[in-house]
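Asks: Please build the complex by placing chain P on the supplied structure of chain F, with the hints as guidance.
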Amino acid sequence: MSLSEPVGRKEVHARKVISKAYLRDDDLWDIEGHIVDTRPYAYPNDWRGMVQPGDPVHEMRVRITLDDEMTLRDAEAVTIKSPYAICGDAAPNFAAIKGLRIGPGWLKDVRARIGGTHCCTHIVELLGPMATVAYQSIPVYRARQRAEASGNGDGYGTFMKPPLDHCYALSTDREVVKRHWPEDYKGA
Amino acid sequence: MPLPDPVGRRPTHSRRIHCQSYLRDDGLWDIEGHITDVRPYKFDCAWYGECEADSPMHEMWVRLTLDDRFVVQDAVAAIDHSPYAICPQAAASVARLKGLQVKPGWAKQVRERIGGTGCCTHIVDMLGPMATVSWQTINIYRTHECHRDGRDDSRYLKRIMPPVGGCYALATDRAVVKELWPDRYTGD
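Heads up: the sequence lines are chains F and P, in that order.
Going by our numbering, the first sequence opens with residue 1, and the numbers climb by one from there.
Going by our numbering, the second sequence opens with residue 1, and the numbers climb by one from there.
Hints may be right or wrong, so weigh each one.
[Said to hold, decoys possible] Quick partial rundown of chain P residues pointing at chain F, CB under 10 Å, derived from the structure:
1. 100
2. 147
3. 151
4. 185
[Unchecked claim] Straight-line C-alpha distance at most 27 Å; calculated DSS-like pairs for lysine-lysine:
5. P:42 to F:108
6. P:42 to F:16
7. F:81 to P:103
8. F:98 to F:16
9. F:16 to F:108
10. P:103 to F:108
11. F:10 to P:103
12. P:178 to F:16
13. P:98 to F:161
14. P:108 to F:16
15. P:98 to F:10
16. F:81 to F:98
17. F:178 to F:161
18. P:42 to F:178
19. P:42 to F:20
20. P:42 to F:81
21. P:108 to P:98
22. F:186 to F:161
23. F:10 to F:108
24. F:108 to F:161
25. F:178 to F:98
Hint data in this document are derived by calculation from the structure and do not stem from the laboratory.
Glycine included, every Cβ here is placed at the ideal spot set by N, Cα and C.
Bound-form chain F, shown alone:
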């Protein structure tokens, strides 16, 4: 790793967020999310008693099924480990986001349907990285398929353009845009 060497320290909490995309045999997309929170020390919990080191504080899994237009055809979630007995009752409410489309305003729509006390915070948190994974999967994979079908050797640059001005490298006044999309370049 290329961060500097850390000072002496000990682990206190770990959160793992994994999001995976799959192209289904029926040509729809599954985007799955999995979140796990663990601590390396035992602590008391009103419902579970002493939670042992490494036994997840939180563990939830989510699957959304999208079409090529990023509309949610299906949405399901399960709560595997939680701090309160009733947390798992929140998972079925996740289905309320069916029909939404990932795009501008998506998170606002999500909050309106399953935000606050409607669902589980950690399930909703998964939808941020899952939306990113949908963007990193669907248009890219389809562009690659179109490039292959056309025999275009330069890959899929012709078939898709990344979002400009959303990050440092793709700023319209920097060299990447100047070189690849000179018509969008706004620098000197």
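Replies: Below, chain P without anything else, positioned relative to chain F:
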């Protein structure tokens, strides 16, 4: 309980975000984030360059050093894998987070200081779960230390108050709040 069995499908993208907190020997906290994006196929695109199958297309690290009041004492980042040669230049701007406090409104403050073309999108993506991990770490571990050591420290020994009203289980009209914080209960 797992999710229902999936239909036939093949993987197209995997994003992993691992956040780990540490208590340092000097009493400060390190919250670290590590993100990787991997695709199971080789892609080669004029503007993106070449990326081998199962090799990270994105890999970034962030370390926030916080004090007990959640104020950022130090912030560093590193970019190990990225699509553009200039991406790693973006890492230095996370130092602008120094002095901010992790509290409600954190995401907005982060965007103001390093959003858009100011930094790397994937580094910023990690700062949400990292904030959650700091909440899951600092007060909870300080309370754990008091119980473990039998110390009567009023700063920490008062029961850690979870975000009542913030999620399904902690709705003020549901059973958990009725039982544990009856003064906050708003049901009948």
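Asks: Would you mind marking each hint as holding or not holding in the structure?
Replies: Hints versus structure:
no.	hint	result
1	100	19 Å, violated
2	147	8 Å, holds
3	151	16 Å, violated
4	185	13 Å, violated
5	P:42 to F:108	35 Å, violated
6	P:42 to F:16	26 Å, holds
7	F:81 to P:103	26 Å, holds
8	F:98 to F:16	26 Å, holds
9	F:16 to F:108	25 Å, holds
10	P:103 to F:108	20 Å, holds
11	F:10 to P:103	24 Å, holds
12	P:178 to F:16	32 Å, violated
13	P:98 to F:161	34 Å, violated
14	P:108 to F:16	23 Å, holds
15	P:98 to F:10	23 Å, holds
16	F:81 to F:98	24 Å, holds
17	F:178 to F:161	14 Å, holds
18	P:42 to F:178	26 Å, holds
19	P:42 to F:20	17 Å, holds
20	P:42 to F:81	36 Å, violated
21	P:108 to P:98	15 Å, holds
22	F:186 to F:161	17 Å, holds
23	F:10 to F:108	38 Å, violated
24	F:108 to F:161	26 Å, holds
25	F:178 to F:98	40 Å, violated
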